[in-house]
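Visitor: All chains should be built: construct the whole structure from the sequences, respecting the hints.
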Amino acid sequence: MGNYLRRKIFIYLITFFVAVTLDWIIPRMMPGNPVDAILIRVARMPSQEQTQILRSHLMKSFGMDVPIFEQYLNFWTGLFKGDLGVSINYFPKPVTDIIKDALPFDLLLTVPALLLSWFIGNKFGAFAARKKRMDNWVLPVWYVISAMPYLWLGILLSWTLGVNMNAFPVAGAYSFSIKPSFSWGFIVNYLHHWVLPFLSLFIVQLGGWAIGMRNMIIYELEADYSKYMETMGMPQKLIRKYAYKNAILPQVTGLAIQVGLLVTGALTTEIVFSYPGIGYLLNQAILRQDYFLIQGCFLFIIIGVLLANFAIDVIYVFIDPRIRHSVGGDAA
Amino acid sequence: MKCKNELLYFAFRNKKLVIGLTIFMAFLILALAGPLLTDFEPLDYTGMGSEPPTPQHIFGTTFFGQDVFSQFVYGLRSSFIVGFMGGGIATLAGLLIGFFAGYKGGFIDELLMMLTNVMMVIPTVALLIILAAYLPYRGVEIQSIIIGLTAWPWTARAVRSQTFSLKQREYVSLARITGFSSLKIILQEIMPNMMSYVFMVFILQFGGSILAAVALDFIGLGPTEGISLGLMMQNAVHWNAIQLGIWWWSIIPGLAITMIVGALYFMNTGLDEVFNPKLREM
Amino acid sequence: MKKAMIVVLLFSIMFGLVSFAEQYERNETLYVTGGLWGPPVNWNPALPWDAVAGTNGLVYEPLYLYDAVHDELTPWLAEGSTWLDEYTTEIKIRKGIKWSDGEPFTAEDVAFTFNLPSAVETIYYRTLFNKMSSIEATDEYTVKITFNQKMYREWNYQLYQIPMLPKHIWQDMSPEEILSTSNEKTCVGTGAYLLDTYAQDRMVWVRNDNWWAKEILGLEVAPKRVVVVVALSNNVVLGMMMKGEELDLSNDFLPGVPTIKRAYDIHTWYEGAPYMKPDATTFLFLNNTKKGLEDPEFRKAIAFAMNKDEIVKRVFEYMVLPANPLGLLPSDGWMKFYHEDIVNEFGYEYNTAKAKEILKNAGYKDVNGDGYVEGKDGQILKYEIIVPFGWTDWMESIRIVAQNLKAVGINAEAKFPDYNKYFEDLTRGDYDMALNNFGAGITNTPWTLYRWLFDVVTGDVAYNENFERYAGSAEMRELYKAFNETKDDDEAQQYMRQIQRKFLEDMPVVPLFYNGLWFAGNNGVWANWPAEGGDNQYYPNTYQGGWVLGGLMMLTKLQAK
Chain A
30 MGNYLRRKIF
40 IYLITFFVAV
50 TLDWIIPRMM
60 PGNPVDAILI
70 RVARMPSQEQ
80 TQILRSHLMK
90 SFGMDVPIFE
100 QYLNFWTGLF
110 KGDLGVSINY
120 FPKPVTDIIK
130 DALPFDLLLT
140 VPALLLSWFI
150 GNKFGAFAAR
160 KKRMDNWVLP
170 VWYVISAMPY
180 LWLGILLSWT
190 LGVNMNAFPV
200 AGAYSFSIKP
210 SFSWGFIVNY
220 LHHWVLPFLS
230 LFIVQLGGWA
240 IGMRNMIIYE
250 LEADYSKYME
260 TMGMPQKLIR
270 KYAYKNAILP
280 QVTGLAIQVG
290 LLVTGALTTE
300 IVFSYPGIGY
310 LLNQAILRQD
320 YFLIQGCFLF
330 IIIGVLLANF
340 AIDVIYVFID
350 PRIRHSVGGD
360 AA
Chain B
102 MKCKNELLYF
112 AFRNKKLVIG
122 LTIFMAFLIL
132 ALAGPLLTDF
142 EPLDYTGMGS
152 EPPTPQHIFG
162 TTFFGQDVFS
172 QFVYGLRSSF
182 IVGFMGGGIA
192 TLAGLLIGFF
202 AGYKGGFIDE
212 LLMMLTNVMM
222 VIPTVALLII
232 LAAYLPYRGV
242 EIQSIIIGLT
252 AWPWTARAVR
262 SQTFSLKQRE
272 YVSLARITGF
282 SSLKIILQEI
292 MPNMMSYVFM
302 VFILQFGGSI
312 LAAVALDFIG
322 LGPTEGISLG
332 LMMQNAVHWN
342 AIQLGIWWWS
352 IIPGLAITMI
362 VGALYFMNTG
372 LDEVFNPKLR
382 EM
Chain C
2 MKKAMIVVLL
12 FSIMFGLVSF
22 AEQYERNETL
32 YVTGGLWGPP
42 VNWNPALPWD
52 AVAGTNGLVY
62 EPLYLYDAVH
72 DELTPWLAEG
82 STWLDEYTTE
92 IKIRKGIKWS
102 DGEPFTAEDV
112 AFTFNLPSAV
122 ETIYYRTLFN
132 KMSSIEATDE
142 YTVKITFNQK
152 MYREWNYQLY
162 QIPMLPKHIW
172 QDMSPEEILS
182 TSNEKTCVGT
192 GAYLLDTYAQ
202 DRMVWVRNDN
212 WWAKEILGLE
222 VAPKRVVVVV
232 ALSNNVVLGM
242 MMKGEELDLS
252 NDFLPGVPTI
262 KRAYDIHTWY
272 EGAPYMKPDA
282 TTFLFLNNTK
292 KGLEDPEFRK
302 AIAFAMNKDE
312 IVKRVFEYMV
322 LPANPLGLLP
332 SDGWMKFYHE
342 DIVNEFGYEY
352 NTAKAKEILK
362 NAGYKDVNGD
372 GYVEGKDGQI
382 LKYEIIVPFG
392 WTDWMESIRI
402 VAQNLKAVGI
412 NAEAKFPDYN
422 KYFEDLTRGD
432 YDMALNNFGA
442 GITNTPWTLY
452 RWLFDVVTGD
462 VAYNENFERY
472 AGSAEMRELY
482 KAFNETKDDD
492 EAQQYMRQIQ
502 RKFLEDMPVV
512 PLFYNGLWFA
522 GNNGVWANWP
532 AEGGDNQYYP
542 NTYQGGWVLG
552 GLMMLTKLQA
562 K
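Residue numbers (our numbering), protein chains in the order written: chain A, 30 to 361; chain B, 102 to 383; chain C, 2 to 562.
Keep in mind that the hints are not guaranteed to be accurate.
Reference excerpt, derived from the structure (chain B facing chain A, CB under 8 Å, subset only) [unchecked claim]:
no. : residue
1   : Tyr110
2   : Ala112
3   : Phe200
4   : Asn218
5   : Ile320
6   : Ile343
7   : Tyr366
Derived by calculation from the structure, the hints in this document are not laboratory data. Given the structure is predicted, the values throughout are model-derived calculations rather than measurements. A virtual CB, placed ideally from N, CA and C, is assigned to each residue, including glycine.
Guide: Structure, rendered in structure tokens:
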């Protein structure tokens, strides 16, 4: 078991190295460079000579005047010191600070949406499976709901509940008229702003999990062991409990995958509700070729996804006896 | 032959499959035949701006006076192309890699899973950006390939764990003991047991690709040529269609996507029941 | 039981901490959007392109403001200035101005600011500094600057571009620090506002109650706080505007304002079309080095083919005006140099028949019968018009341009590369046709426009000038230089006549329409918005560099309801 874990960790480290290197290379393969994009914003100084002076200054201050390989080494050295560089787009703020400020908004939005939809979706899917009325009436509605693009649902929610009925705000993480503080007024205000973006993520994901679970449960209920249990006269409740235990496995895998997909989901939600977060920053950084911010955001995504996957790998070993056996055999 | 007929019989009796397939086919036919039904080019200015549906423009016009119906049918085409190509590539790649990793195990498994993980952590947008550098004008096909090439990891992972489980089942072990080759075991023992799963995966990838394309279109990384349902929605949002009461411009593409993807989910469940006699309704 | 106890305990602790969140008084707060597209992070006036909009104007102030509506340089920190001789100007500073930390503002600060490039070599006004031979504070309120070349028009422009810096704070900063500080902690200016607070999605300015203009000019800014909202899409902005009291002023392009203006009581500069004040001329750039486009006759035919009214109607719902043949913004500062007689003689208008005739006479015929003209040597001519993907109003505009060109037999197609690609192609001269207006914004003098259009490109890349690679640019440069070097308006007119005649004869670029200063006000909380014919006649611009054009003065005229 220890051997297995050690090998896993080693593999994950290599994955990390390869992924980070790729994400370092990717932005640099784009045409042009970020400094040129800044120069157009300097239109107020009507002089070519001035533009050239600025260009060389900027190239130097962003460490882009040294050979590319050296830039790569500098990147890793910085990384080990916890220094991800300074954003070009949001100069002079360090990338780590930008991410630190934006990340909480994402986490408080996406993590509850993901976990709650997973939990409730699974429970409901398991409950609905093989129940005629549920299967024929409630689930079809969910098929439709889970087929909606996030942003479309978001826009509809924003228009109906936000603008038309005026029940919820349509922009920002908290009212533009208050300063954040640890107070009920602020918390309530924050939650009020949180509801619509949360719902647009939660509702769509809920349908997906419920459908997945429903299918899995039916599989398991029809599996030989369930039939066997049935003929043995075991209570239906117990059989379902076993089925649930087995059906949850693919759903756990799904959870890890969703962590990686969260970024895009969060991004469109952020745009639709003008909600602060890392998705929009990353999108802007890509469009403006902000190398350092792109790298920083990618790094966080990479770490997040890898940790989630590693956790799943470990959990899988514990919850799926067949794999535990297989792995044990391989490692031996 | 008998087996096939039996499947068809159950297929036609399965309500979910029939409903899903009907909706899906209706949209597919509309996408194929639609361009014949309209006199307008999707991007030409053929009417007054923001015109509600009329006999001439049955879905109304955009803010600028383009025919929404012709944008819609051409957009449907794009969505189906993305679904078939993107979904196809993703399914194929995911299946091959997942099977192989799961069956072989050991070092090959680790290597392939590493590749999978690397692909999983590189956001699709990043790949789009590089390609944009070399192909400043992207069509729907390019978008499909990119989506396909980035969407396979979850399939690979799921297939791998399925294969893992199947491998442990008695009949595979039996085959192994009797000295069958790996390929034979995969083809004869594991594959048939996963056929329904393959269908499921393809259909889900089909829907997933359509949804991914919508998201990419929306954030400005969609095709730079032609029209798609996602671009229609993006345009409608940019030009405040909902606020200005031009509902036909923003609701129709979103509704169509929801219906197509929803129909796919129906088909998916329906097919599942057809392939697995045990799952059929009692 | 234990669990319940803990929950009760937690709740009581939380209730103990309960306090009411600080909430800004609604009728003392102005909510604006348009000038901020991401988290605010920089308030450094030495990095004007990175600094949050308002850094120059609300906190730091220049010597003069430019009143873009009335075309006046308004003495601001300066009381006035005179030319002692052709090369020397003397600037008188107002007495009684204080920095927000209480230190007096003096001529020393002005001299320090203009002398800063000697220490900070890569600061943004280094080349301006190079044109000065001496800068000295002759007494506490007088600064004398001697130039080594004449540059009257440009100098007037620079007077409102460069914010004054507090010597007592900045003299202790190293050049590296000056060019890399966010200046959050040392944000001390002379202006009407101070940095209050900020977050991911907002910037909050709070009124400086000791602002000098209160006593000296009798001016007071109405809002106690100006909250700049980061809005990520105009869809959200319009939603907020429609909700009534969430947003007071938007500088975002909001399609459909004419449609919903009445229903939602949204205020615009003009009651009817064009609703918005013209802000920048959008040109169709023609790459003068490409086959066909290198011929002035061919370019002239393109000018005749442009149906500007169609763009104005279809894309902008009449929210913009079609450009005049010269592309001069309809502001007094530019239009006083507009020569009607030259336009009448050499100008053009939308006339497809005329465009076809010009093409025919110049030898461009459709030889192969594909419906499009070929080059004089029979070579196929086919063009791509580019604008960045996602710039929807421009995207629709070039679709119409392409249709216009096809209508006269020129094969052109609208294409939408990503912004980076567009920008690279434009600056390297690697395109056929493109829309652009980056350097054509409203200023005190058309000199800025002509420098941007015609400066001679020295390297392979031109970031801010002559995207069209005009062959006559050397000649044009002599003319606009001469224009810059004369104080005499009659003489200046002569140079302008020559530039404009040459422009119309050669048609290196084709002006299409004026991008508007998108301004929508909400009548819910604040009244007396800037309007044509009203009492508040100030340019409602809250963009970077916009507060000094009228944004600040607008605040002095607003009234809470």
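Visitor: Confirm or reject each hint.
Guide: A quick look at each hint next to the structure:
At a threshold of 8 Å, the smallest CB-CB gap from tyrosine 110 (chain B) to chain A is about 20 Å, leaving the interface hint violated. With a least beta-carbon distance of about 17 Å to chain A, the hint placing alanine 112 (chain B) at the interface is violated under the 8 Å criterion. At a threshold of 8 Å, the smallest CB-CB gap from phenylalanine 200 (chain B) to chain A is about 16 Å, leaving the interface hint violated. With 8 Å as the threshold, the beta carbon of asparagine 218 (chain B) comes within range of chain A, its nearest partner Cβ sitting at about 5 Å, so the hint holds.
Checking isoleucine 320 (chain B) against chain A: minimum C-beta separation of about 6 Å stays under 8 Å; hint holds. Hint status for isoleucine 343 (chain B) relative to chain A: holds, with the closest Cβ pair at about 5 Å, below 8 Å. The beta carbon of tyrosine 366 (chain B) comes within 4 Å of a beta carbon in chain A, closer than 8 Å, and the hint placing it at the interface holds.
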